[in-house]
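From first to last, the protein sequence lines are chains D and U. FYI, the numbering for the first sequence is 1 to 346, going by the numbering used here. FYI, the numbering for the second sequence is 1 to 346, going by the numbering used here.
The hints are simulated quantities; they were obtained by calculation from the structure and are not laboratory data. There could be a bad hint or two in this list.
It does not matter which identical chain is meant; a pair holds if it fits inside one copy or across any two.
[Unchecked claim] Derived BS3-like pairs: lysine-lysine, alpha-carbon spacing no greater than 30 angstroms straight-line:
#, residue 1, residue 2
1, K125, K299
2, K225, K278
3, K37, K341
4, K79, K341
5, K336, K261
6, K79, K340
7, K37, K299
8, K205, K341
9, K136, K76
10, K299, K278
11, K125, K75
12, K345, K136
13, K66, K341
14, K225, K289
15, K23, K37
16, K299, K319
17, K319, K225
18, K33, K340
19, K225, K336
20, K261, K278
21, K299, K184
Predicted model, so just to flag it, every value in this text is computed and none were measured.
2 protein chains.
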Amino acid sequence: MFKVVEWKKNTCVMIDQRLLPTKEVYNTYKDYKGVAKAIKDMVVRGAPAIGVAAAMGCAIGALDIKAKDFDEFSKKFAKVCDHLAGTRPTAVNLFWAIERMKGVAEANKGLTIAKLKQRLVKEAKDIHDDDIEINKKMGRNGAKLLKKDWTILTHCNAGALATAGYGTALGVIRAASEAGKNVKVFADETRPFLQGARLTAWELKEDNIPVTLITDNMAAHMMQKGMIDAVVVGTDRMASNGDVANKIGTYGVAILARYHKIPFYVAGPTSTIDMDMKDGSGIPIEERKTREVTHIGGKRMAPEGIDVLNPAFDVTPAKLVNAIITEKGVVTAPYKAGFKKLFAKK
Amino acid sequence: MFKVVEWKKNTCVMIDQRLLPTKEVYNTYKDYKGVAKAIKDMVVRGAPAIGVAAAMGCAIGALDIKAKDFDEFSKKFAKVCDHLAGTRPTAVNLFWAIERMKGVAEANKGLTIAKLKQRLVKEAKDIHDDDIEINKKMGRNGAKLLKKDWTILTHCNAGALATAGYGTALGVIRAASEAGKNVKVFADETRPFLQGARLTAWELKEDNIPVTLITDNMAAHMMQKGMIDAVVVGTDRMASNGDVANKIGTYGVAILARYHKIPFYVAGPTSTIDMDMKDGSGIPIEERKTREVTHIGGKRMAPEGIDVLNPAFDVTPAKLVNAIITEKGVVTAPYKAGFKKLFAKK
Numbered sequence: 001m002f003k004v005v006e007w008k009k010n011t012c013v014m015i016d017q018r019l020l021p022t023k024e025v026y027n028t029y030k031d032y033k034g035v036a037k038a039i040k041d042m043v044v045r046g047a048p049a050i051g052v053a054a055a056m057g058c059a060i061g062a063l064d065i066k067a068k069d070f071d072e073f074s075k076k077f078a079k080v081c082d083h084l085a086g087t088r089p090t091a092v093n094l095f096w097a098i099e100r101m102k103g104v105a106e107a108n109k110g111l112t113i114a115k116l117k118q119r120l121v122k123e124a125k126d127i128h129d130d131d132i133e134i135n136k137k138m139g140r141n142g143a144k145l146l147k148k149d150w151t152i153l154t155h156c157n158a159g160a161l162a163t164a165g166y167g168t169a170l171g172v173i174r175a176a177s178e179a180g181k182n183v184k185v186f187a188d189e190t191r192p193f194l195q196g197a198r199l200t201a202w203e204l205k206e207d208n209i210p211v212t213l214i215t216d217n218m219a220a221h222m223m224q225k226g227m228i229d230a231v232v233v234g235t236d237r238m239a240s241n242g243d244v245a246n247k248i249g250t251y252g253v254a255i256l257a258r259y260h261k262i263p264f265y266v267a268g269p270t271s272t273i274d275m276d277m278k279d280g281s282g283i284p285i286e287e288r289k290t291r292e293v294t295h296i297g298g299k300r301m302a303p304e305g306i307d308v309l310n311p312a313f314d315v316t317p318a319k320l321v322n323a324i325i326t327e328k329g330v331v332t333a334p335y336k337a338g339f340k341k342l343f344a345k346k
Numbered sequence: 001m002f003k004v005v006e007w008k009k010n011t012c013v014m015i016d017q018r019l020l021p022t023k024e025v026y027n028t029y030k031d032y033k034g035v036a037k038a039i040k041d042m043v044v045r046g047a048p049a050i051g052v053a054a055a056m057g058c059a060i061g062a063l064d065i066k067a068k069d070f071d072e073f074s075k076k077f078a079k080v081c082d083h084l085a086g087t088r089p090t091a092v093n094l095f096w097a098i099e100r101m102k103g104v105a106e107a108n109k110g111l112t113i114a115k116l117k118q119r120l121v122k123e124a125k126d127i128h129d130d131d132i133e134i135n136k137k138m139g140r141n142g143a144k145l146l147k148k149d150w151t152i153l154t155h156c157n158a159g160a161l162a163t164a165g166y167g168t169a170l171g172v173i174r175a176a177s178e179a180g181k182n183v184k185v186f187a188d189e190t191r192p193f194l195q196g197a198r199l200t201a202w203e204l205k206e207d208n209i210p211v212t213l214i215t216d217n218m219a220a221h222m223m224q225k226g227m228i229d230a231v232v233v234g235t236d237r238m239a240s241n242g243d244v245a246n247k248i249g250t251y252g253v254a255i256l257a258r259y260h261k262i263p264f265y266v267a268g269p270t271s272t273i274d275m276d277m278k279d280g281s282g283i284p285i286e287e288r289k290t291r292e293v294t295h296i297g298g299k300r301m302a303p304e305g306i307d308v309l310n311p312a313f314d315v316t317p318a319k320l321v322n323a324i325i326t327e328k329g330v331v332t333a334p335y336k337a338g339f340k341k342l343f344a345k346k
């Protein structure tokens with residue numbers, strides 16, 4: 001099984017997701033700026049995986065700090081954290097992981113600098129290992145929603161490649177598959193970055209889960225033909241009212257699902273829930289370079305001299321979401337109350 | 001101005017739409033089998049343009065027939081027509097144009113074979129010229145539906161490149177623009193063949209109509225943000241009840257438009273209306289090669305060994321269509337009665 005992001009001898013090793021599925025290349029990052037660039041350039045992507053990579057970036061940055069005392073360390077570590085936080089604006093796990101690392105530094109200020117550094121390395125590894133554990137729990141919770149022989153539509157890649165391993169939306173599908181439910185998957189190719197065609201199709205095939213690739217604009221037709229039983233997607237950030245930010249196109253799929261009376265499920269760890277965000281209107285939507293739209297595989301497809309937009313995410317209102325699947329349980333509307341109950345759980 | 005399909009010294013000259021927008025290449029077809037292959041391979045595409053090309057294919061085929069009398073000519077001509085009719089199943093204009101050519105042959109059976117051939121050449125040229133005239137009338141009829149400063153979303157290319165010239169959906173936009181309405185266009189890129197990115201963006205830019213390119217899955221987000229005032233698309237075939245077959249993805253856009261209370265208009269010549277078709281369920285949907293989905297610009301994007309679907313069209317039910325724009329007038333529901341009134345007009 002491939003490794004998405006791994007701590008190895010004080011470096012961070014990541015599979016270069018831009019080259020999949022035709023090439024399986026692992027890059028080694030030895031300084032935090034390299035990790036930040038890898039996040040920005042989408043060597044690694046997917047909200048939980050970004051969180052893990054950022055935590056490892058913090059740890060690598062911490063190892064390189066020269067400081068006499070905690071105050072000096074803390075100032076330098078804040079710079080490392082700020083740099084990593086400036087990479088991508090939408091996924092809340094990035095900020096969540098960085099805040100967790102900062103909190104651990106603060107909580108262990110009594111340690112020697114050398115021991116503090118080791119404590120931060122341990123925390124980054126824990127974030128990695130926790131993520132896999134969380135995904136497996138989420139998978140088991142979500143699998144109960146899927147019936148035998150169902151065909152599930154998914155958008156983008158919320159799979160092992162979007163996390164430390166196992167996946168969120170694809171984790172639910174994996175768990176259903178492991179439970180003998182014989183589920184099949186339709187994967188939207190997910191323009192412009194083609195995470196569905198390149199990543200979801202690849203990792204499901206590796207796992208022998210039947211997958212059919214379609215272009216994004218075919219989903220409605222497949223639903224009309226009765227070929228889709230449910231939609232399961234991941235999320236980069238959920239507002240406290242249950243509004244869901246996820247890969248561009250998710251909102252459209254949610255509308256199509258509702259029109260065809262197909263359940264629309266969102267799978268995300270509780271670290272993706274942003275209780276400080278009242279609703280989805282406040283979630284920043286990253287606008288990426290237009291070249292991702294005008295060029296494919298390095299080749300120009302569109303004429304020069306036209307306008308192009310490239311928002312990387314959209315927001316699906318809570319009212320279109322049938323249930324939100326987390327590692328602590330499945331929540332249905334009203335989501336704010338449901339989230340509060342989750343966080344009250346140990 | 002580029003020519004889409006043109007009769008030139010007993011040959012058919014077509015711009016190779018597969019190479020746009022990076023290359024502007026004109027191919028010359030000297031026999032009907034070449035024309036048929038060009039239709040099948042999408043050198044020419046768009047329902048009305050396919051009709052014109054097929055008519056010219058019939059004329060070229062007719063010129064090459066060696067026959068002593070009309071009976072012999074008629075049998076050989078039927079073979080030419082059948083071959084051309086076997087190219088693409090969805091667009092009804094293909095069959096409409098071929099039937100018109102057959103009808104003219106039958107109606108002129110009294111002529112010498114040489115004169116009959118010239119009569120068929122004239123008919124093919126008339127179909128070409130009529131198409132432009134029809135598009136301009138349709139444009140004027142449809143432009144009345146669009147308000148000043150509106151931004152129009154369109155899907156695929158129902159433009160000059162889809163017709164003999166001027167366009168159906170883009171004809172409506174051109175007419176609104178010519179009437180000083182200051183309209184802007186959002187173009188869905190339209191996977192897998194990228195007619196929006198390659199063709200619509202190109203021809204609107206050539207005409208100085210402001211165009212913004214988006215991927216198909218961004219349309220819902222743009223509607224949510226209030227950036228789209230109306231949708232105008234073309235059609236390959238309309239059933240008598242107003243169900244509309246058009247490029248894959250159109251049905252999804254119609255659902256999104258209805259969800260956001262945005263009017264969804266369809267522009268098509270009356271030759272696109274198939275009164276023999278009770279509803280859209282009977283319209284054959286062409287399934288094209290999966291390579292169009294798995295490869296872009298000759299480069300493999302998806303892994304090998306997965307399932308892929310590639311339906312080229314979908315059917316939008318009449319209830320999602322706010323109005324159908326034809327050269328004989330604008331029709332609203334109930335469409336069957338409206339179509340009958342259109343056909344009663346001279």
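Hints, verified against the model:
1. K125 <-> K299: Result: close neither inside a copy nor across copies, 39 angstroms intra and 37 angstroms inter.
2. K225 <-> K278: Classified as between; 18 angstroms across copies, 37 angstroms inside a copy.
3. K37 <-> K341: neither (37 angstroms within a copy, 64 angstroms between copies)
4. K79 <-> K341: Neither way: K79 and K341 sit 35 angstroms apart in one copy and 73 angstroms across, limit 30 angstroms.
5. K336 <-> K261: Close inside one copy (24 angstroms) and across copies (28 angstroms); limit 30 angstroms.
6. K79 <-> K340: neither (33 angstroms within a copy, 73 angstroms between copies)
7. K37 <-> K299: both (23 angstroms within a copy, 26 angstroms between copies)
8. K205 <-> K341: This pair counts as neither: shortest intra-copy Cα distance 37 angstroms, inter-copy 54 angstroms.
9. K136 <-> K76: neither (36 angstroms within a copy, 68 angstroms between copies)
10. K299 <-> K278: The answer is neither: 42 angstroms in one copy and 44 angstroms across copies each exceed 30 angstroms.
11. K125 <-> K75: Within. Shortest intra-copy distance 23 angstroms satisfies the 30 angstroms Cα cut-off; inter-copy 78 angstroms does not.
12. K345 <-> K136: within (18 angstroms within a copy, 66 angstroms between copies)
13. K66 <-> K341: Neither, since 43 angstroms and 85 angstroms both go past 30 angstroms.
14. K225 <-> K289: between (36 angstroms within a copy, 20 angstroms between copies)
15. K23 <-> K37: within (20 angstroms within a copy, 36 angstroms between copies)
16. K299 <-> K319: Neither way: K299 and K319 sit 40 angstroms apart in one copy and 40 angstroms across, limit 30 angstroms.
17. K319 <-> K225: both (25 angstroms within a copy, 17 angstroms between copies)
18. K33 <-> K340: Neither: 36 angstroms inside a chain and 69 angstroms across chains, both beyond 30 angstroms.
19. K225 <-> K336: between (35 angstroms within a copy, 24 angstroms between copies)
20. K261 <-> K278: Both, since 28 angstroms and 26 angstroms are each at most 30 angstroms.
21. K299 <-> K184: between (33 angstroms within a copy, 27 angstroms between copies)
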